[in-house]
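Participant: Read off the chains here:
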Amino acid sequence: MNPLSVVVRTGCDLFAWFMVVFGVNVLVHGYMTPGGGFQGGAIIATFTAFLLVAYGGRKLLGWANEKIFDLFEEVGLLAFFFLAFMGFPVTFFYNYLVKPLAAGGVVPPAGTTALMSIAVGLEVSGALSMVILTMYRGIRMFETAPMEEEIGHDR
Amino acid sequence: MTNALHISVLAVMLIAAFFALWFKDLISSVISLAVFSLMMALEFYILQAPDVAIAEAAIGAALSTTIYIIALRACRRSKSEGGRKQ
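First to last, the sequence lines map onto chains A and B. Counting from 3, one number per residue, gives the positions in the first sequence under the working numbering. Counting from 3, one number per residue, gives the positions in the second sequence under the working numbering.
Everything labelled a hint here was simulated from the structure, so no lab data went into it. Hints may be right or wrong, so weigh each one.
[Unchecked claim] The following residues of chain B were derived to be distant from chain A, with all beta-carbon distances above 12 Å: (1) V11; (2) L16; (3) F21; (4) E45; (5) I61.
[Unchecked claim] One-sided excerpt, in silico: chain B residues whose CB lies under 10 Å from chain A: (6) A55; (7) I72; (8) A76.
The C-beta atom is built at its ideal place from N, Cα and C for all residues, glycine as well.
Bound conformation, chain A alone:
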């Protein structure tokens, strides 16, 4: 994808990081307000799509390190399993944080639900960013073949 005009790129510079902050806000407050892990992760992954549309794919592939997205997925999944298995003296998924620390104020009063929401958000943001990057890398295989001009789309 070719980079778009300087107006779009300046708008991307202004607003892209705020989208990540908004996604993290939705994700962290997901136990109480609308939203949660999947929604916040999807909003964070929109950042990658925004960069791809505004700056073009070659620059994005130069910037993005896929090992970081892999790390997000692995850390999210492992944290989810760890938090689920930690409640095992009682049951699987037992919310063991909610009773002793509810009045403390450091851990949110929802207990492990909020932490699991953060884990799901990490996993979803890494996975959806990886989907976009992998699809773009997939279509770059066709760029070496002799092609005629496009007709119907992508003017």
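Assemble chain B onto chain A, guided by the hints.
Facilitator: Just chain B now, kept in the frame of chain A:
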């Protein structure tokens, strides 16, 4: 008041869905689908489901549109195959 809002949002959804099928230009079709998803998110919000509305807006209007456009980039016709010209 609420009924009028419902009917107008659903009418815009119908129009967007119709144009998603009607356009020969594929990228216009994808934009129509994005409008459909946005109206769907608004409808979910009116129906008191803001959680689903956030998911629908992020996935339907943003990410799936990007993925469709990336897929359309891969659908250029090659010279050697010699398909029917439009």
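Participant: Each of the hints needs a verdict: does it hold here or not?
Facilitator: Okay, the hints, checked on the actual structure:
1. At roughly 19 Å, the least C-beta separation between V11(B) and chain A is larger than 12 Å, which holds for a residue marked as non-interface.
2. For L16(B), the non-interface assignment is confirmed: its Cβ lies about 24 Å from the closest Cβ of chain A, beyond the 12 Å cut-off.
3. In this structure F21(B) is separated from chain A by more than 12 Å, as the shortest Cβ-Cβ distance comes to about 15 Å.
4. Once the 12 Å rule is applied to beta carbons, E45(B) is consistent with being away from chain A; the minimum gap is 15 Å.
5. For I61(B), the shortest C-beta to C-beta distance to chain A comes to about 5 Å, within the 12 Å cut-off, and the non-interface label is violated.
6. The interface hint given for A55(B) is met, as the beta carbon of that residue sits about 8 Å from the closest beta carbon of chain A, less than 10 Å.
7. Proximity of I72(B) to chain A holds as hinted, the smallest CB-CB distance being about 5 Å (cut-off 10 Å).
8. Against a cut-off of 10 Å between C-beta atoms, the interface hint on A76(B) holds, since the closest Cβ of chain A lies about 4 Å away.
Hint 5 from the list above is the single one not met by this structure.
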